[in-house]
Amino acid sequence: MFSELHVAVMGAVFNLNHPAHVIEWHFIKLSVANVVVIGLMLAVFALAILAPFPGAASRNAARRSGDGR
Amino acid sequence: MSAPPTQPPVSARPGSWTGRVREAAVGALPPEKLLPEGQPTYVASWIYVFGVASLASLAVIIGSGTILALKGPAWWHFTGVGHFFNSVHLWAVELFFFVMVVHLWGKYWMAAWRGGRARVWVTGAVTFLVAVPCALTGYVSQQNFDAQWISTQAKDAMNGTGIGAFFNLTNFGQMYSYHVLLLPVAVIALVVAHVLLVRRHGVVPPLPLEKR
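Respectively, the protein sequence lines represent chains A and B.
Going by the numbering used here, the first sequence wraps up at 103, each residue one higher than the last.
Going by the numbering used here, the second sequence wraps up at 239, each residue one higher than the last.
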């Protein structure tokens with residue numbers, strides 16, 4: 035169980051004791067927290083497409099040599 | 028000396044409904060298709076890791092949610108272990124949506140409905156749509172001021188769509204039933220159907236290269 039000190043330290047990282055910060059652009063109104071999450075999702079999606087999958091090189095080599103499935 | 032026992036005649040079609048269901052199930056998903064030992068090389072992609080991560084986070088959601096339902100609101104609000112499982116449940120849901128949407132985006136741009144896989148795509152997309160109210164009913168099932176605030180703010184939007192007469196956000200019992208039974212059963216059924224359809228039709232192959 036957390037002590038009061040732990041709670042105070044963790045609470046100090048992000049001060050949530052205020053209304054949410056929002057970003058407004060024409061009719062679009064998003065909280066900063068949601069914009070950050072959407073940005074992270076786009077970044078992770080780009081990485082998922084572009085980052086090589088472990089073992090991809092050996093699989094491609096096997097496929098080129100006619101051994102692949 | 029008696030005659031040897033004879034085998035019963037083999038009919039072309041089983042007489043009982045259990046036999047017919049078995050034959051239909053095995054015909055649609057033979058064991059080697061249901062539990063294959065390998066996949067084509069193009070399945071080695073991060074996009075499918077996000078699909079499996081969606082399944083893993085759903086398992087954590089169901090597990091932590093079951094514990095929360097067993098222990099009740101006083102436990103999840105006023106004890107340290109209750110806080111822990113409450114947080115595990117919340118963050119598993121956040122992770123579920125994060126990884127599910129990345130998987131969904133990837134499959135959209137792969138045109139995963141090609142080759143007779145429309146039902147695979149539709150079950151996945153509808154799972155996302157059903158999971159949204161499944162999660163949002165959790166916000167109004169917390170039994171605290173946050174739940175009261177959210178339900179009173181959101182009820183007008185629901186009433187504006189005309190469904191407020193039978194979907195009342197200020198009715199805790201109704202929202203809790205939707206959150207812990209009706210919508211989770213729908214999500215799990217859709218996910219099971221999605222995975223079985225992937226097994227039946229196979230993972231969609233890459234888009235063909237354009238000839239220039």
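If you're looking for bench data, these hints aren't it; they were derived computationally from the structure.
Glycine included, C-beta positions come from ideal geometry on N, C-alpha and C.
It cannot be assumed that every hint is accurate.
[As the list claims (entries may be wrong)] Some chain A residues near chain B, calculated using beta-carbon distances under 10 Å:
{"id": "1", "residue": "V47"}
{"id": "2", "residue": "A54"}
{"id": "3", "residue": "L74"}
{"id": "4", "residue": "L81"}
Checking each numbered hint in turn, tell me which of them this model violates, lowest number first. 1, 2
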